[in-house]
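Peer 1: Chain by chain, the residues:
There are 2 protein chains.
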Amino acid sequence: MSLKLYYDLLSQPSRALYIYLQVCKIPFEKCPVALRKGEHLSEEFKKDISRFQKVPVIKDGGFTLAESIAILRYLSREKQFSNEWYPKDSKLQAQVDEYLEWQHNNIRTFGTLYFRTKWIQPLLTGEPPNAKKVATYEKHLAECLSSMEELFLKDKPFIAGDKATAADIWAACEIEQPRITGFDPVAGRPVLSKWLNTVRKTFSPYYEEAHLILNKLVAKANAETK
Amino acid sequence: MSLKLYYDLLSQPSRALYIYLQVCKIPFEKCPVALRKGEHLSEEFKKDISRFQKVPVIKDGGFTLAESIAILRYLSREKQFSNEWYPKDSKLQAQVDEYLEWQHNNIRTFGTLYFRTKWIQPLLTGEPPNAKKVATYEKHLAECLSSMEELFLKDKPFIAGDKATAADIWAACEIEQPRITGFDPVAGRPVLSKWLNTVRKTFSPYYEEAHLILNKLVAKANAETK
Chain A
1 MSLKLYYDLL SQPSRALYIY LQVCKIPFEK CPVALRKGEH LSEEFKKDIS RFQKVPVIKD
61 GGFTLAESIA ILRYLSREKQ FSNEWYPKDS KLQAQVDEYL EWQHNNIRTF GTLYFRTKWI
121 QPLLTGEPPN AKKVATYEKH LAECLSSMEE LFLKDKPFIA GDKATAADIW AACEIEQPRI
181 TGFDPVAGRP VLSKWLNTVR KTFSPYYEEA HLILNKLVAK ANAETK
Chain B
1 MSLKLYYDLL SQPSRALYIY LQVCKIPFEK CPVALRKGEH LSEEFKKDIS RFQKVPVIKD
61 GGFTLAESIA ILRYLSREKQ FSNEWYPKDS KLQAQVDEYL EWQHNNIRTF GTLYFRTKWI
121 QPLLTGEPPN AKKVATYEKH LAECLSSMEE LFLKDKPFIA GDKATAADIW AACEIEQPRI
181 TGFDPVAGRP VLSKWLNTVR KTFSPYYEEA HLILNKLVAK ANAETK
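Chains as they are written, first to last, in UniProt numbering: chain A, 1 to 226; chain B, 1 to 226.
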């Protein structure tokens, strides 16, 4: 098999690509990378897999590519499959792209900062999280979630219109992440809540498979706060 | 003319698109938006131009699109022009995309945070900048500039190889921005310095035209620090 995906299911864009490849029926070899063990930080990983030292990364024959959204677009050109999830129609594709580009400095940035500060740093240091920073990032994260409803889901069931696309997969994988800390991204947001449930169902069973570890951590967080 | 570009030449992605449209000889109507006057924040702008209330935005007939990189890709499909700046070759295009996606949470994020904290906030509030924050963002910005050299320019003259592409335009426009504060992004970075000069020449005279106001502000900042 020529296509290899290097991923960790606790990385949002890794999960998105993992789901995408499967719903598109693109054959690939699973190459898990344990971020928690720092496997991506080794000199070997840098030399043999990716100079970026991050996941996801693909190797397609001799071609290496990082950045999940660049990978999504490359696969849409290179692999033979139905394009219903990354539409060929130019305007529709542009709307998917508009979301995917918007996401970086919104839900991706603030979801990640919140998650790192509240969950990863305490795990690494054994110290309680910086409450002031957590509160600041939570405020920004909440604004991003409201923007998602307001800018993308106000008058249509999916981000790019009447049909689910890759934009919904990438968005949902970001939104699931802070749940690991006990945060509920859809509380008080009926539009987002309805959309998230529909996305989960649309990409079943791959969606659940990709979120299996995450959902165990969520259950643990929820049990601890009870 | 059916294509309208809404832009402010003090916005990095606005400059990138402004240059790109001109080097590609795509006819467009110039619709400047004065961010400093808050023109993008009006209810009119939100209703008639873009719900995102940011620039750049295009209107192509009845179709509105935000996010400069989504716009770049849309134009590459929709408009008839030579594609040398956004290559049709799939692997080359993937490398351009890899940079454009990487950029968001690196040079774009930290260049913007540095610029806002050191220049925009003092301008708006009349207060001196928060020195601790400026120092933190400057450190991150410096790391991003080193990463640009290390990850993208170590063994090739341009980001995607031997030829300049849209990735170089977008990158250069980001790197120019903090110069307004008196910061020199290429000091002690011979690789980046050589590359930036080549990009400026490659996209002349449109590059200079797009950076005219910026360069006046840079001259002012440099005169003040002497």
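Honestly, the hints are just simulated from the structure, not real lab data.
Incorrect hints may have been included.
Copies of the same chain look alike in the list, so a pair counts if it works inside one copy or between any two.
[What the hints assert, rightly or not] In the SDA-like style, the derived pairs of lysine to any residue whose C-alpha atoms are separated by at most 25 Å in a straight line are:
{"hint": "1", "residue 1": "K91", "residue 2": "V23"}
{"hint": "2", "residue 1": "K133", "residue 2": "L214"}
{"hint": "3", "residue 1": "K91", "residue 2": "N130"}
{"hint": "4", "residue 1": "K154", "residue 2": "L41"}
{"hint": "5", "residue 1": "K91", "residue 2": "I180"}
{"hint": "6", "residue 1": "K46", "residue 2": "E208"}
{"hint": "7", "residue 1": "K46", "residue 2": "H104"}
{"hint": "8", "residue 1": "K59", "residue 2": "K132"}
{"hint": "9", "residue 1": "K88", "residue 2": "L41"}
{"hint": "10", "residue 1": "K46", "residue 2": "V134"}
{"hint": "11", "residue 1": "K79", "residue 2": "E39"}
{"hint": "12", "residue 1": "K46", "residue 2": "A223"}
{"hint": "13", "residue 1": "K201", "residue 2": "A34"}
{"hint": "14", "residue 1": "K59", "residue 2": "L92"}
{"hint": "15", "residue 1": "K79", "residue 2": "S50"}
{"hint": "16", "residue 1": "K139", "residue 2": "T109"}
{"hint": "17", "residue 1": "K132", "residue 2": "P122"}
{"hint": "18", "residue 1": "K194", "residue 2": "E150"}
Peer 1: If a hint holds in the structure, say so; if it does not, say that too.
Peer 2: Do the hints match the structure? See the list:
Taking CA atoms no more than 25 Å apart as the test, K91 paired with V23 passes in both settings, with 23 Å inside one copy and 23 Å between copies. Proximity of K133 to L214 under the C-alpha cut-off of 25 Å is restricted to the intra-copy arrangement: shortest distance 23 Å within a copy versus 34 Å between copies. Taking CA atoms no more than 25 Å apart as the test, K91 paired with N130 passes in neither setting, with 44 Å inside one copy and 43 Å between copies. With identical chains, the CA atoms of K154 and L41 are at most 25 Å apart between copies only, with a shortest distance of 20 Å across copies and 41 Å within one.
In this assembly of identical chains, the alpha carbons of K91 and I180 never lie at most 25 Å apart, being 36 Å within a copy and 36 Å across copies at closest. For a Cα distance limit of 25 Å, the shortest separation of K46 from E208 qualifies neither inside one copy, at 31 Å, nor across copies, at 38 Å. Taking the shortest Cα distances, K46 and H104 sit within 25 Å of each other both inside one copy (24 Å) and across copies (22 Å). Within a single copy, K59 and K132 get their C-alpha atoms no closer than 41 Å, and across copies no closer than 42 Å, so neither meets the 25 Å cut-off.
Neither within a single protomer nor between protomers do K88 and L41 lie at most 25 Å apart by alpha-carbon distance, with minima of 37 Å and 33 Å respectively. In the homo-oligomer, the alpha carbons of K46 and V134 never lie at most 25 Å apart, since the shortest distance is 32 Å inside one protomer and 31 Å across protomers. Within a single copy, K79 and E39 get their C-alpha atoms no closer than 29 Å, and across copies no closer than 44 Å, so neither meets the 25 Å cut-off. Taking the closest pair of Cα atoms, K46 and A223 never come within 25 Å of each other, the shortest separation being 39 Å inside a single copy and 43 Å across copies.
With identical chains, the CA atoms of K201 and A34 are never at most 25 Å apart, being 28 Å at best within one copy and 44 Å at best between copies. For the homomeric pair K59 and L92, the shortest alpha-carbon distance between copies (15 Å) is at most 25 Å, but the shortest distance inside one copy (28 Å) is not. Taking the shortest alpha-carbon separations for K79 and S50, only the intra-copy value of 22 Å comes in at or below 25 Å, while the best inter-copy value is 35 Å. Within a single copy, K139 and T109 get their C-alpha atoms as close as 13 Å, and across copies as close as 18 Å, so both meet the 25 Å cut-off.
In the homo-oligomer, the alpha carbons of K132 and P122 lie at most 25 Å apart both inside one protomer (14 Å) and across protomers (24 Å), since each shortest distance falls under that limit. With identical chains, the CA atoms of K194 and E150 are at most 25 Å apart within one copy only, with a shortest distance of 14 Å there and 44 Å across copies.
Taken one by one, the earlier hints fail for this structure at numbers 3, 5, 6, 8, 9, 10, 11, 12, 13, listed in ascending order.
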